[in-house]
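*Asks:* Produce the complete structure using the sequences and hints provided.
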Amino acid sequence: MKYFLTILLLTVFSGLAQAQEKAVIADKKMVTVAAGIYKPFFETNDSRPLMVAAFKMDECAVTNAEFLEFVKANPAWRRSKVNRLFADSNYLKHWESDLSIGKINANIYHSPVVNVSWFAAQAYCKWKNKRLPTIAEWELAGNGKPRNIKYTSLTEYILGWYKKPNPPVLPNVKTTYQNQYGLYDMHGLVWEWTFNFNSFTSKADSRGSTEDEAKAFCAAGSVKVKDKNDYAGFLRFSYRGSLKGNYCIPNLGFRCAKDIP
Amino acid sequence: MNSHIIITLFAMLMLAGCRPYAVETSGLDPLKKSVNATTEIKSKPAAESIFQLADTFQTQDGKPFNLAMLKGKPTVVGMIFTNCTYACSRLTSDIKGIADSLQGQADKVNFLLVSFDSERDHPARLKQFAGEMGLGENWTLLHGSDEAVRSLSVLLNVQYEKSASGNFSHSNMVSVLDKNGVFRFQQEGLFANHTQTISEIKDAIRK
Amino acid sequence: MKLTVIKSVLALALLASLVAGCDSSATTSTSSVAIDEIKGEETAVLTDAPNVPPPITRKHATKVIVNLDVVEKVMKIADSTEYTFWTFGGSVPGKFIRVREGDLVDFTLKNLPDSKLPHNIDLHAVNGPGGGAEATLVAPGQSARFQFKALNPGLYVYHCATGPVGMHIANGMYGLIMVEPKEGMSKVDKEFYVMQGDFYTKGKYEAPGLQEFDQDKAIQENPDYVLFNGRVRANTGANAMQAKTGENVRLFVGNGGPNLTSSFHVIGEVFDKVYVEGGDLINENVQTTVVPAGGSSIVEMKLQVPGMLNIVDHALYRTFHKGALAQIKVSGDENPEVFNKIKTQK
Chain U
1 MKYFLTILLL TVFSGLAQAQ EKAVIADKKM VTVAAGIYKP FFETNDSRPL
51 MVAAFKMDEC AVTNAEFLEF VKANPAWRRS KVNRLFADSN YLKHWESDLS
101 IGKINANIYH SPVVNVSWFA AQAYCKWKNK RLPTIAEWEL AGNGKPRNIK
151 YTSLTEYILG WYKKPNPPVL PNVKTTYQNQ YGLYDMHGLV WEWTFNFNSF
201 TSKADSRGST EDEAKAFCAA GSVKVKDKND YAGFLRFSYR GSLKGNYCIP
251 NLGFRCAKDI P
Chain L
1 MNSHIIITLF AMLMLAGCRP YAVETSGLDP LKKSVNATTE IKSKPAAESI
51 FQLADTFQTQ DGKPFNLAML KGKPTVVGMI FTNCTYACSR LTSDIKGIAD
101 SLQGQADKVN FLLVSFDSER DHPARLKQFA GEMGLGENWT LLHGSDEAVR
151 SLSVLLNVQY EKSASGNFSH SNMVSVLDKN GVFRFQQEGL FANHTQTISE
201 IKDAIRK
Chain A
1 MKLTVIKSVL ALALLASLVA GCDSSATTST SSVAIDEIKG EETAVLTDAP
51 NVPPPITRKH ATKVIVNLDV VEKVMKIADS TEYTFWTFGG SVPGKFIRVR
101 EGDLVDFTLK NLPDSKLPHN IDLHAVNGPG GGAEATLVAP GQSARFQFKA
151 LNPGLYVYHC ATGPVGMHIA NGMYGLIMVE PKEGMSKVDK EFYVMQGDFY
201 TKGKYEAPGL QEFDQDKAIQ ENPDYVLFNG RVRANTGANA MQAKTGENVR
251 LFVGNGGPNL TSSFHVIGEV FDKVYVEGGD LINENVQTTV VPAGGSSIVE
301 MKLQVPGMLN IVDHALYRTF HKGALAQIKV SGDENPEVFN KIKTQK
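Top line first, the protein sequences correspond to chains U, L and A.
Heads up: the first sequence runs through residues 1 to 261, numbered per the working numbering.
Heads up: the second sequence runs through residues 1 to 207, numbered per the working numbering.
Heads up: the third sequence runs through residues 1 to 346, numbered per the working numbering.
Just so you know, the hints here were simulated from the structure itself, not pulled from any lab data.
Misleading hints may appear alongside valid ones.
When the alpha-carbon atoms are kept at most 20 Å apart in a straight line, the in silico SDA-like pairs for lysine to any residue are as follows [said to hold, decoys possible]: (1) U:Lys-163 x A:Asp-69; (2) A:Lys-73 x U:Asn-166; (3) U:Lys-128 x L:Asp-55; (4) A:Lys-204 x U:Leu-159; (5) A:Lys-73 x U:Leu-159; (6) U:Lys-244 x A:Lys-204; (7) U:Lys-81 x L:Ser-49; (8) U:Lys-126 x L:Ser-118; (9) U:Lys-164 x U:Ile-149.
Partner residues aside, some chain L positions facing chain U, computed with beta carbon under 8 Å [unchecked claim]: (10) Glu-48; (11) Ile-50; (12) Gln-52; (13) Thr-56; (14) Arg-150; (15) Ser-153; (16) Val-154; (17) Leu-155; (18) Tyr-160; (19) Glu-161; (20) Ala-164.
Where a beta carbon is used, it is the ideal one built from N, C-alpha and C, also for glycine.
*Replies:* What follows is the structure, given as structure tokens:
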């Protein structure tokens, strides 16, 4: 009888463990973001609204558990092995070790992975046959209307999050809201890397590349902000402008995107 | 809200381009820049070689190229696109000026131009550009995938963005790498004073 | 005077280079500025309001190391109201920095890893791009370092200049840096640090709980709070600044804004001396002095009579309804020659 129970329990447990493992390995659900128009946040003489083709995007941020699979499969991305050029000393610093998130961190397995660099995020997406979304794609997706929360304006909602200090334990993915495309947590959980985060930023300088700008080159050109009341957008652009490719930051994660063939 | 005015003002100063200040952008270390009333100091020197970037590019002759092939000589690198009407040929001329100042030593240095424009700047176009600009044998012009170019720009601390017209807004940066691909120096801006750039290159040749 | 000339020349050179177009020769002209020899090195003593670092007794220029942390934290803005402040050094206003004219300031700005946002610093005492802002945009967990020469003596505001700038300032990102003139400052008995700022919250003045920044009110320039030293009653009652009769008191006054100009006044005292706008010009016998947003003033007064001095913004609704009050408790003997209340007999 005792044996039977033990066996039963073991079976149940291993079954659970397997289910969990499967949940991790199973392909992450991607949703389609319909084609749309993205107005660059900083307007220049040459900037026009960009047409963004429809694309697929991970429904939520990549989690610690998912990233662990990647690290297991790609030894070069282990914490002790990673090249400082591609990830600074904060890389995965919240993990217990190279290949263990850690028992004390059991509650963050399904939280977004943070403390990952742009290069690491790129490599992860590539490994999944995906890529990082561009700023235009991310912003288009991020502007999707929330469908399961009450909110007065998306900007207000986002600012509300920006103004709160980081929580001591990062919540799981899919714990904020889902938007019209079916994407979870576009705002309210972590910041996310984009492919071209190092585009023209508020700190960028002399540009003078296009014809219009060449004309304006030594006269006064001007860059203006599309919507000066879009504080949330403003803060996102400041944030991107402060980044370098090897930075690993406790509130910065990512999700992947993919072309629709 | 004053911030947009500030931004406009900043942008005006910046786009004015002439840049009486050697403005610092934070970047790859250790960067030594021309000294002014304000000087930015680089805190964590990255002793890492950018040769570790594994992506393969194509040269103006259509040959595959990866950065490790630069090993053995110091490298001066800039990022451009050939449809650019002003800034890029200016930046190229600035680098040519650096080459000229090296007199007999220019052949001990790699000169590298990498195009932002993966779509239009194929090797043949780059070769044509090299001809137009009179770039000699020690110049390599590279075409690469969007991803490879973006990765390199991130390492070189060059900002760029493709606009709806297919052209690029970008920062203008001249970087000096030592024989092993480790950063020695960066100078930002067009018509910049390259005195220090040149002395850094000469140092790199000796080491 | 010499400096002014040099500055003008520089300004002209700058202007000329902009006008002339792409001549970068102005880059080198700064090297002609006569610069004192830097001897030694020291780490700056930084203080929270209302305290001020000790006066500088050095007679030479030195390298001063300043380490300032950006801290985003929830603190009380009133007794039962909390607010998420963004701070230089963990309190509002930010740490007081004190250096000497000619010093080389070696500045490291660190943004703590727990910050949500990137920040930077623009010190009005800096001659250089963005007052340091361009060199210091730092992501959470990162730090940036730059050096500047303290060329101009005076009392200067510093603040965060990351977009949207107004919001960063409205959340408390400002402080003061005093560049003492070479000859030093006159000796006084007490020095205090008082900085005004306006705050915009979703709830009304003193509405309880954690209150969020209200963007619309900020755009309307309609603050719920106008405060000295970042909190209602930060320096009143038991927390009042302390002084004695007969003492000469100097206040380093700043205004972070983001919007309001202060009509700075001390009820029951006359400013014997005001360093107008924190510069060289001294005005005497002033009742109320203007401190613009992003500006400063140094006021001095000899305390004659014991009692509680109320520091106010004399746009008085700000004092009575929005919190703009600080106090100096003056102890000591009565001084009937200066002030004598006549007791009337019933």
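*Asks:* Hint by hint, say whether it matches the structure.
*Replies:* Consistency of the hints with the structure:
| no. | hint | result |
| --- | --- | --- |
| 1 | U:Lys-163 x A:Asp-69 | holds, 18 Å |
| 2 | A:Lys-73 x U:Asn-166 | holds, 10 Å |
| 3 | U:Lys-128 x L:Asp-55 | holds, 18 Å |
| 4 | A:Lys-204 x U:Leu-159 | holds, 19 Å |
| 5 | A:Lys-73 x U:Leu-159 | holds, 16 Å |
| 6 | U:Lys-244 x A:Lys-204 | violated, 40 Å |
| 7 | U:Lys-81 x L:Ser-49 | holds, 15 Å |
| 8 | U:Lys-126 x L:Ser-118 | holds, 19 Å |
| 9 | U:Lys-164 x U:Ile-149 | holds, 18 Å |
| 10 | Glu-48 | holds, 4 Å |
| 11 | Ile-50 | holds, 7 Å |
| 12 | Gln-52 | holds, 6 Å |
| 13 | Thr-56 | violated, 14 Å |
| 14 | Arg-150 | holds, 6 Å |
| 15 | Ser-153 | holds, 6 Å |
| 16 | Val-154 | holds, 4 Å |
| 17 | Leu-155 | holds, 7 Å |
| 18 | Tyr-160 | holds, 7 Å |
| 19 | Glu-161 | holds, 4 Å |
| 20 | Ala-164 | holds, 4 Å |
In this structure, the earlier hints numbered 6, 13 are contradicted, and the remaining ones agree with it.
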